[in-house]
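> For reference, the chains in residue letters:
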Amino acid sequence: MSEEHQIVAFTAPVIRDREEETQVRHILLDRAWAYEVDRRNLAPEACTYDMAQGRWVLSASGIPLVETPGYQGPSTKKCDIETGEDQKGE
Amino acid sequence: MVQSSIQDPSVVILASRYDLSSDHVVSRLRGRGVSYLRLNSEDLPDLRLNMDPVRGTVEGEKTGEFSFVVRTHTVRGIYYRRPVFLRPCGSADQPPEDLLAKEQWQTFIRAFMAFDGCRWMNHPAATYRAENKPVQLGLAQKVGFAVPKTLITNQASKLTNVAGQGKVAIKGLDTILLRDRNTERFGYTVMTSLEEVRPEDVSSFPVIAQEPLNGKTDLRVTVVGEEVFCVSITDKGKPIDGDWRRKRKELLSFEYHRPPDTVKSHCIELTKHLGLAFGAIDLAVMQDVYYFLEINPTGEWAWLLHNPGMPIDDSIARYFA
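The listed protein sequences derive, respectively, from chains A and B. Position 54 of the first sequence, counting from 1, maps to 54 under the working numbering, and the rest follow consecutively. Position 156 of the second sequence, counting from 1, maps to 156 under the working numbering, and the rest follow consecutively.
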């Protein structure tokens with residue numbers, strides 16, 4: 001994708017309204033929920049990814065993260081990351 | 001460091017490192033003694049990989065750490081947890097070379113479709129079709145679901161055709177997601193009155209407009225093969241107007257819901273008709289009528305494991321075992 005294309009995606013069409021130029025954005029963009037993207041490390045805290053096991057384990061004990069007593073997992077269907085479960089927007 | 005080697009796994013998981021749902025499935029597969037290989041898109045550039053699409057083999061190695069061999073004739077199932085296509089959401093900080101590499105790796109992952117003699121959850125081609133909401137809605141009606149009055153349009157004056165009591169629900173034809181450096185915008189369903197929608201508000205791209213279901217109770221139905229898990233989503237027992245995802249999660253209650261057998265059958269039938277082994281279906285029940293809203297072939301389910309407690313991970317592992 002070119003940089004020019006990216007800019008277009010965020011530039012609202014300009015509509016002439018009573019001889020004034022006003023920025024009008026599509027209703028789904030205008031009312032979209034805007035939030036800061038957390039670009040910190042996504043790795044679970046105090047965990048290491050074990051490539052051979054194919055899962056996260058606690059660095060100190062080697063216990064699989066999701067088998068840790070008290071582990072509750074995500075609390076909403078979007079795991080609090082709104083790009084969704086399959087990272088559609090990556 | 002001792003090198004681990006995985007030879008001829010029965011199940012291949014194609015995921016992201018940060019997909020903890022796949023961790024749950026891994027635990028269940030291990031518990032059942034099923035051999036598996038998990039490949040994450042983030043890890044692929046660090047591996048030396050060779051795929052022979054004619055012989056049906058994939059070999060990979062990370063020197064000194066990890067190696068594997070996958071063969072078509074020994075793979076029983078593929079658990080596919082990656083997008084079937086990348087949405088252009090406008091990341092301004094990605095050089096074209098990075099995007100090209102990402103697309104090429106994405107295609108490599110999809111190349112596992114060459115393994116066509118095994119079970120998929122879900123096959124990317126089926127997911128691609130099933131993610132199209134108009135396809136879903138038409139099929140849902142055919143299998144017997146009630147479907148809200150729906151119109152796909154970029155013409156504001158036509159919204160009245162589906163409005164109820166002067167209001168209309170508006171959503172995107174596809175996921176609405178835009179990224180601009182550190183800010184993302186995510187589009188939920190917009191509930192609005194007709195008079196608030198100006199022609200220019202919808203003219204630049206089409207929307208799905210539906211009659212609002214006032215007083216509905218939201219349901220999430222997760223289908224795994226022939227198994228159905230259903231949960232109601234309320235605001236501490238009260239119905240939620242509009243998109244429940246806008247609610248603060250601590251206000252939401254998730255409880256077991258037993259739908260009529262006909263509704264369960266509709267869910268299974270819809271999933272099968274779409275060629276899916278897994279589907280996360282959003283329904284709304286109002287005055288004992290079950291309305292189909294949408295199905296997500298890649299829907300999340302790990303949030304249901306502990307609250308209210310649905311063993312969906314085990315059901316997925318059983319599907320492959």
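To be clear, the hints were calculated from the coordinates, so they are not data collected in a lab. Misleading hints may appear alongside valid ones.
To be verified - Computed from the model, here is a short list of chain A residues facing chain B with C-beta under 7 Å:
| id | residue |
| --- | --- |
| 1 | H26 |
| 2 | I27 |
| 3 | Y35 |
| 4 | L42 |
| 5 | R55 |
| 6 | E67 |
This one's a predicted model, so the numbers in the text were calculated from it and none came from an experiment. Beta carbons are placed, not taken as given, at the ideal position from N, Cα and C, and that holds for glycine.
> For a quick check of understanding: which of the numbered hints are violated here, in increasing order?
none
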